[in-house]
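Trainee: In case you want the letters, here they are:
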Amino acid sequence: MNQTGLVNHVMNIRGKSHLLADDINTDIHCSSKYHPGRDNAYVAQHAFEQISPGFAARFARGGVIVAGKNFGNNSSREQAVHILRLMGVAGIVAVSFGRQFFRNCINNGMPAVECSISGIAPDDEIELDLAAGRVAVPARGLAREVPPLPAEVQAILAAGGLIPFLKVHPDWKTPVSGEQ
Amino acid sequence: MGSTIAEKIFSSHSGRPANAGDVVVATVDFAMLHDARATNALKRIEQLGAGNKEFALPFASRTAFVADHYSPPPHQEAANIHREMRAFADKYGVVLYDVGEGICHQVLPEGGHFTCGDLVTGTDTHSTTYGAFNAFGTGVEGTDLSAVMMTGKLWFRVPETIRVDLKGRLQPGVWAKDLTLHMLGRLGAEGANYRAIEYAGSAVAAMEIDDRMTLSNHAAELGAKAALLEADEKTIAWLKAHGAREPRPVAADPDARYCERFEIDASRLPPQVARKHRVDDVVGVPEVKGQRIHYALIGTCTNGRLDDIRQAAAILKGRRIAKGVRMIITPASRNVYLQAAREGLIEALTAAGASVEAAGCGTCVNITGHLITGDGDVVITSANRNFKGRLGNANSEIFIGSAATVAASALTGQITDPRTVEGGEWRPISKAA
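Protein sequences, first through last, are from chains E and W. So that you can map any letter, position 4 of the first sequence is 21 in my numbering, and since no number is skipped, the others follow by simple counting. So that you can map any letter, position 35 of the second sequence is 534 in my numbering, and since no number is skipped, the others follow by simple counting.
No wet-lab data here; the hints were simulated from the structure. Since we're looking at a predicted model, the values are computed, not measured. Hints are supplied without guarantee of correctness; some may be wrong.
Listed next, the stretches of chain E that the computed footprint assigns to chain W, with coverage defined by at least 3 CB atoms under 8 angstroms from CB atoms of chain W [said to hold, decoys possible]:
(1) 87-94
(2) 103-117
(3) 177-189
No residue lacks a Cβ here, since even glycine has one placed at the ideal position from N, Cα and C.
Model the full structure from these sequences, guided by the hints.
Mentor: Written out as structure tokens, the structure reads:
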């Protein structure tokens, strides 16, 4: 299922933080790998259950996942991102990401930013500015500069993912990438 | 400042100077999709074409579909995925490797689908294998594949590179598998996440192509985005013999910038094993000597090639595997199977008590329908992963070692250093020497 339209594809995100630990394998905790035959809706209701009981029930649409290092490590299943979108995850801030998981995020219009998460607590109101490269929790006076996402990646996110992007730019040419 | 192999390949494929950290849109020379990712990928392609009457996949002929994970299919869902893949391949002109033809990472090079300096994507983490041929091979997912089939291009972040200089030469009975396990013990699983590895040095030059493929393949366990080797006369002869396009070797500049660089003296390395349930819990074989085993497996994209089967036969020919051990061999491809048959290896191994099964991913993971282990079963395998429950039972444990270590262990019934058994120091004769 294409989940396009469930989140706003904007470069500025504001939402409540939901914390997860280091080294979360999204194949195990957010896919049907261990729920054979179950659909995305079922998995979404049980996502991260074993490592954070009640996570999916607590998660309100528009929230931001704040995770430790290697979020999505060793997990190549694109389905994990489809499930996160179904849950209404607006963006992910993590110390670092598994390589393929990060690709899958961008390709499916899920903003993903690498940043230190120290000092961020559950339910903090967190702001992400993807174009400027800024992660902030104003209530705690916390503002961190991060490398802005490259223009090519921003263009894919702004379109809502790679498939909607290619429908508009079948030759990959965009005003920002300016490919000669 | 000079460039790494990865930077040079991304520069030539994006038409601009590409440095580590840059994001580029690059031309992809060949793409692969296997059956375990086909359901998602075909859905994505359908979404891409939805509502577009003129939808075409101009790069379909530069794509291969491979039915290897479910070979033969263990349930009707898998059989139906194969039907869908066949119909799609037929409609769009995709190259198809059907059930029994072999594992994607073996059939792609055997089919001559890419050459030195190429950029190749596959829907599998072990797509790093193509680096053995000096091609940038990397794992992607279904959306990526659909983009490549439609546009011939994909976005990439140009990786930083770790340079590993392998000095000396591996001793007889010690293989690229042992080297990689040693690297896993040193860097940890995911120790090369986001990054490419360049392997160079006299120990790589001394390796035959089969072993080099293990080196690049197994770098996936290190989290590497690619694992690149420079091309030499062995590489070029192999590619030409398999009908690949004219090789355009890409070498790193002497002043290339690496994020990390170290040396390993290959000649001092003993055979290694990874213990339950972590690929990076690695010790020398002597440390687990005597550990009883119940299953001995040789196969998978990591170590199911001809030299692995030759090594096993060198140990087991004219002998019997130990009582209480089940040995299963799955050749990496039908070509490997056929050549092993011609050399009498299948006969020797079958007579020794092994079962040789269809070419494919068979013995790697229980989604293939193979090998549901019993409680307490101990497995030694030449595969690449030993996660808990990977062979169908969380109460069994898996050791990873070279085909030589697996065959020596099958012979004695306990984990055994291949250098201590007759034939365990077999080594291929270099054709290029």
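Trainee: All hints, please: hold or fail.
Mentor: Tested hints:
| no. | hint | verdict |
| --- | --- | --- |
| 1 | 87-94 | holds (count 5) |
| 2 | 103-117 | holds (count 4) |
| 3 | 177-189 | holds (count 8) |
Checked against the numbered hints above, the structure violates none of them.
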